[in-house]
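Position chain B relative to chain A; hints supplied.
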Amino acid sequence: EDKVVQSPLSLVVHEGDTVTLNCSYEVTNFRSLLWYKQEKKAPTFLFMLTSSGIEKKSGRLSSILDKKELFSILNITATQTGDSAVYLCATMNRDDKIIFGKGTRLHILP
Amino acid sequence: EAQVTQNPRYLITVTGKKLTVTCSQNMNHEYMSWYRQDPGLGLRQIYYSMNVEVTDKGDVPEGYKVSRKEKRNFPLILESPSPNQTSLYFCASSLWFSGRMGEQYFGPGTRLTVT
Numbered sequence: 425e426d427k428v429v430q431s432p433l434s435l436v437v438h439e440g441d442t443v444t445l446n447c448s449y450e451v452t453n454f455r456s457l458l459w460y461k462q463e464k465k466a467p468t469f470l471f472m473l474t475s476s477g478i479e480k481k482s483g484r485l486s487s488i489l490d491k492k493e494l495f496s497i498l499n500i501t502a503t504q505t506g507d508s509a510v511y512l513c514a515t516m517n518r519d520d521k522i523i524f525g526k527g528t529r530l531h532i533l534p
Numbered sequence: 057e058a059q060v061t062q063n064p065r066y067l068i069t070v071t072g073k074k075l076t077v078t079c080s081q082n083m084n085h086e087y088m089s090w091y092r093q094d095p096g097l098g099l100r101q102i103y104y105s106m107n108v109e110v111t112d113k114g115d116v117p118e119g120y121k122v123s124r125k126e127k128r129n130f131p132l133i134l135e136s137p138s139p140n141q142t143s144l145y146f147c148a149s150s151l152w153f154s155g156r157m158g159e160q161y162f163g164p165g166t167r168l169t170v171t
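Going down the list, the protein sequences come from chains A and B. FYI, in the working numbering the residues of the first sequence are 425 to 534. FYI, in the working numbering the residues of the second sequence are 57 to 171.
Same shape as in the complex, but just chain B:
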């Protein structure tokens, strides 16, 4: 089944404790992206990647890191989480062909709470 998986789905952690949220897709998609969703602010792009070893900042990259060492994986790293990073996080992927993005598939979401 074609899908985007994220782990963990729920995480409660403490300020300053490094964490990684994994994202993996099995559709051989070039484009992958991380978003956070907050009430009243909507979905905001954190980082995106056009292909292996190519990453770019979205609207809200501060406090986050990403890497794209393999085409299927795009982990989100919080080196020193803070309470303002409490949010619902989505990973998404899509094909990229002829200079255009295809349908974007979203993972199920990771609800992160930083205390």
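Chain A extracted, bound-state conformation:
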């Protein structure tokens, strides 16, 4: 059975810290990995990764995929209170089916 596992489940850090969120997967016919941020409402898209070793960056956020070891990390540098959210990892397989992990709840203390 396909699965996506995120760790840690929750994390509390101070403003200015750097955090690394983990996502491992076991997915048949893997196509791509996606990261989302969810605050109090609908998830918003962060990154889509399809190739190993190529870092994607957006401001203080970056992500990379390792297709050999079947994991991805999401890094957030110089965290701000506005980064507090649930971060969701998802995979899409070649049948276009999407599976989400349970998310990492990140809380940034001022």
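Treat the hints as calculated values from the structure; they're not laboratory data. Beta carbons are placed, not taken as given, at the ideal position from N, Cα and C, and that holds for glycine. One should not assume that every hint holds.
Stated by the list, open to error - Covered, in the sense of this in silico footprint (three residues per stretch, anywhere, with C-beta under 8 Å from a C-beta of chain B), are these stretches of chain A:
#	stretch
1	469-481
2	508-519
3	522-530
For chain B alone, coordinates are given in the frame of chain A:
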């Protein structure tokens, strides 16, 4: 404004009373999908559609139906709702190009309570 709309946003209903949650997008997206989100279980895909008249089951399709008669609309139908379908439902859409999905846009969510 590019968006995914869902209606209703909130619904309280009784067991067995058929209901439809509508989803519409104005971005000409090929891929549309329904999810439910439950505490401790995360987001789970119910059904998805690659284009008009093409639908596929996600992880939790039991008790739900969908249709894709027009590209912009993807309604979710609960023929006989039960209390275990009480959940927060999201519709999402994305472009599909060169065999790859683009950024997925989510609707605002529909909170459904079945008593």
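Hint by hint, here is what the structure shows:
Judged by the Cβ-Cβ criterion of 8 Å, the stretch 469-481 of chain A is covered by chain B as claimed, because 3 of its residues qualify and three suffice. Here's how the stretch 508-519 of chain A fares: 4 of its residues keep a CB closer than 8 Å to some CB of chain B, so the rule of at least three is met and the hint holds. Evaluation of the coverage hint for the stretch 522-530 of chain A: fulfilled, as 6 residues show C-beta separations to chain B shorter than 8 Å, against a requirement of three.
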